[in-house]
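K.L.:
Each chain is listed here by its residues.
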Amino acid sequence: MGQITLQGVQKAFGPVHIIKGADLDIADGSFVVFVGPSGCGKTTLLRLIAGLEDVTDGKILIDGKNVVDVPPAKRGLSMVFQSYALYPHMSVRGNIAFGLKMAGLPKDEINRKVEAAAATLNLTPYLDRKPRELSGGQRQRVAIGRAIVREPKAFLFDEPLSNLDAALRVQMRLEVTRLQKQLATTAIYVTHDQVEAMTMADKIVVLNAGKIEQYGSPIELYQRPANLFVAGFIGSPKMNFITGDVAGQHNAATIGVRPEHFSIDGGGQGWSGKVMVAEHLGSDTFLYVDAGPIGTLTARCEGEKGVKAGDQITLVPDPNRIYRFDANGNAIFA
Amino acid sequence: MARKVTTANVVVSTAGAWLVGFLIFFPILWMVLTSFKTELEAFATPPSFLFFHWTTENYATVQERSDYLHHALNSIIIAGGSTLIALLIAVPAAWSMAFSPTKRTKDVLLWMLSTKMMPPVGVLVPIYLIYKNVGLLDTRAGLIFILCLGNLPIVIWMLFTYFKEIPKDILEAARMDGATIGRELIYVLTPMAIPGLASTLLLNLILAWNEAFWTLNLSTLEAAPLTTFIASYSSPEGLFWARLSAASTLAIAPILIIGWFSQKQLVRGLTFGAVK
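For the protein sequence lines, the chains are A and B, in the order given.
The opening position of the first sequence corresponds to residue 1 in my numbering, with each subsequent residue numbered one higher.
The opening position of the second sequence corresponds to residue 335 in my numbering, with each subsequent residue numbered one higher.
Honestly, I wouldn't trust all of these hints.
The following residues of chain A were derived to be distant from chain B, with all beta-carbon distances above 12 angstroms [said to hold, decoys possible]:
hint, residue
1, Val16
2, Gly39
3, Ala119
4, Phe229
5, Phe286
No more than 30 angstroms apart at the CA atoms, straight line, and that leaves these computed lysine-lysine pairs for BS3-like [what the hints assert, rightly or not]:
hint, chain 1, residue 1, chain 2, residue 2
6, A, Lys211, B, Lys450
7, A, Lys107, B, Lys502
8, A, Lys153, B, Lys502
9, B, Lys502, A, Lys65
Bear in mind the hints are in silico, worked out from the structure with no lab data behind them.
Note that this is a predicted model, so its numbers are computed, not measured.
For every residue, glycine included, the Cβ atom is placed at its ideal position computed from N, Cα and C.
Using the sequences provided together with the hints, build the complete structure.
P.N.:
Right, dumping it as structure tokens:
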């Protein structure tokens with residue numbers, strides 16, 4: 001079991017409030033991603049759950065038990081650090097076995113478990129190597145092995161893939177997701193990369209300036225963002241925001257249109273402008289359009305479009321997919 | 335543009351490096367050579383470099399006049415004792431400053447170092463009087479105490495820089511893995527800190543071994559280490575170059591041997607922090 005509940009959790013370092021009251025319910029076996037810009041408090045929130053920082057106020061319940069006064073090791077969680085934090089003087093075997101050794105398990109049981117974990121992660125040939133003799137991806141796998149071997153109630157991941165190159169990151173992303181599904185253990189994963197968040201999560205927590213802006217499934221966040229911040233943060237390229245009279249026509253202070261919800265070759269009511277930059281990716285074409293008083297708009301068109309910089313085009317938004325926000329930035333749902 | 339390395343460059347810089355090395359080493363070489371000369375040859379002009387009458391009689395005389403082993407033992411006890419005590423105090427101090435620093439940690443570190451900026455002679459009289467009244471003059475305990483205090487700031491600074499290099503994440507990982515503070519120290523921290531501890535120990539040992547100001551002023555015979563033993567050869571009776579050289583050679587031999595075998599640690603200790 002690994003059900004984690006936060007009730008009014010606050011954290012302050014001196015006068016600075018990092019976490020301003022977080023309430024959250026994480027179901028057993030789910031994969032939850034904390035996402036937000038740097039400095040939003042997502043890592044602090046993870047460290048509070050881990051027990052590496054003490055809460056200023058509030059409760060953290062693991063399987064119904066308040067753990068705020070329980071030391072990290074006794075919370076039954078394991079953590080994968082951004083820097084991997086492997087013990088440099090121990091072999092891969094020693095690194096994976098360390099937690100079990102500290103728990104006082106008998107030697108043959110430790111060996112059995114370490115070998116099983118190594119087999120799951122394709123680390124068997126490297127068991128007797130030191131961390132410095134491994135590549136980045138292998139080190140990452142050792143850090144994960146160290147986490148899974150203790151059969152924790154939940155895994156905590158602190159930006160574990162940010163030190164890997166792009167190709168390896170995609171591969172490890174798949175591996176982590178697959179492993180989590182296979183073990184059916186609760187996982188909390190911190191990242192600033194919204195693509196990682198969207199692809200890996202069952203549920204996403206969007207954090208901004210120490211506050212939870214929205215908690216929901218990736219598609220919920222994409223289709224029904226609760227406010228301007230979430231609307232702007234989820235989705236790539238970023239949603240276009242338009243204010244002023246144009247927004248007023250829709251009875252809103254701000255309207256938002258995602259780049260992929262523009263069409264450029266169909267008819268209809270739209271905004272015309274001059275293409276400043278056209279990025280041709282083959283699968284998609286990104287257009288950055290100067291639409292005069294409305295500002296710069298980004299459009300994402302499927303496939304290859306024969307549009308180049310300097311062309312005059314009309315961007316027509318999908319009328320069913322215009323997001324509306326009030327003066328406080330909160331979404332207006334029809 | 336990449337720098338070109340020609341054979342001539344290599345030859346010139348190699349020769350230059352050897353020349354500088356030889357110049358630095360020359361006084362020690364000359365001392366060793368002199369220790370095998372007779373007193374007459376020792377200050378002959380022009381001096382003879384290698385072709386003189388080699389003799390070991392200086393060593394015999396030195397041993398006859400003063401008990402080398404007694405002083406060597408004092409040196410070992412004083413240098414070793416002060417180093418060990420300094421480490422015992424410095425490890426927890428540096429540990430807490432590196433891993434749970436407060437607002438004043440930096441100030442405390444600087445203040446400790448500032449005590450090294452004062453010339454020791456400035457406090458000689460009060461310390462001498464205190465030692466005299468307490469009965470610490472010419473005792474090994476007294477010398478261990480003063481050398482330990484003198485080197486403590488440097489030891490703490492060195493250990494502090496070493497500990498700072500150990501990533502906090504690793505200690506946190508150990509905490510997540512269920513290690514208590516004691517086990518964290520034994521299984522994780524100490525193995526990672528051993529190179530740093532070793533070079534600190536070596537450097538401090540050498541500093542304490544060579545320390546001459548306090549040992550000369552606070553000891554005469556009973557507790558006198560090798561520094562006092564050497565100094566006794568530049569005496570009112572006149573300078574006995576050959577015997578002085580023999581005594582000096584005997585005094586630096588142990589530390590030279592230790593230094594030779596621990597070159598790697600020493601260089602790392604001295605340049606640590608300069609380049610990562």
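K.L.:
What hint numbers does the structure not satisfy?
P.N.:
The structure breaks only hint 6.
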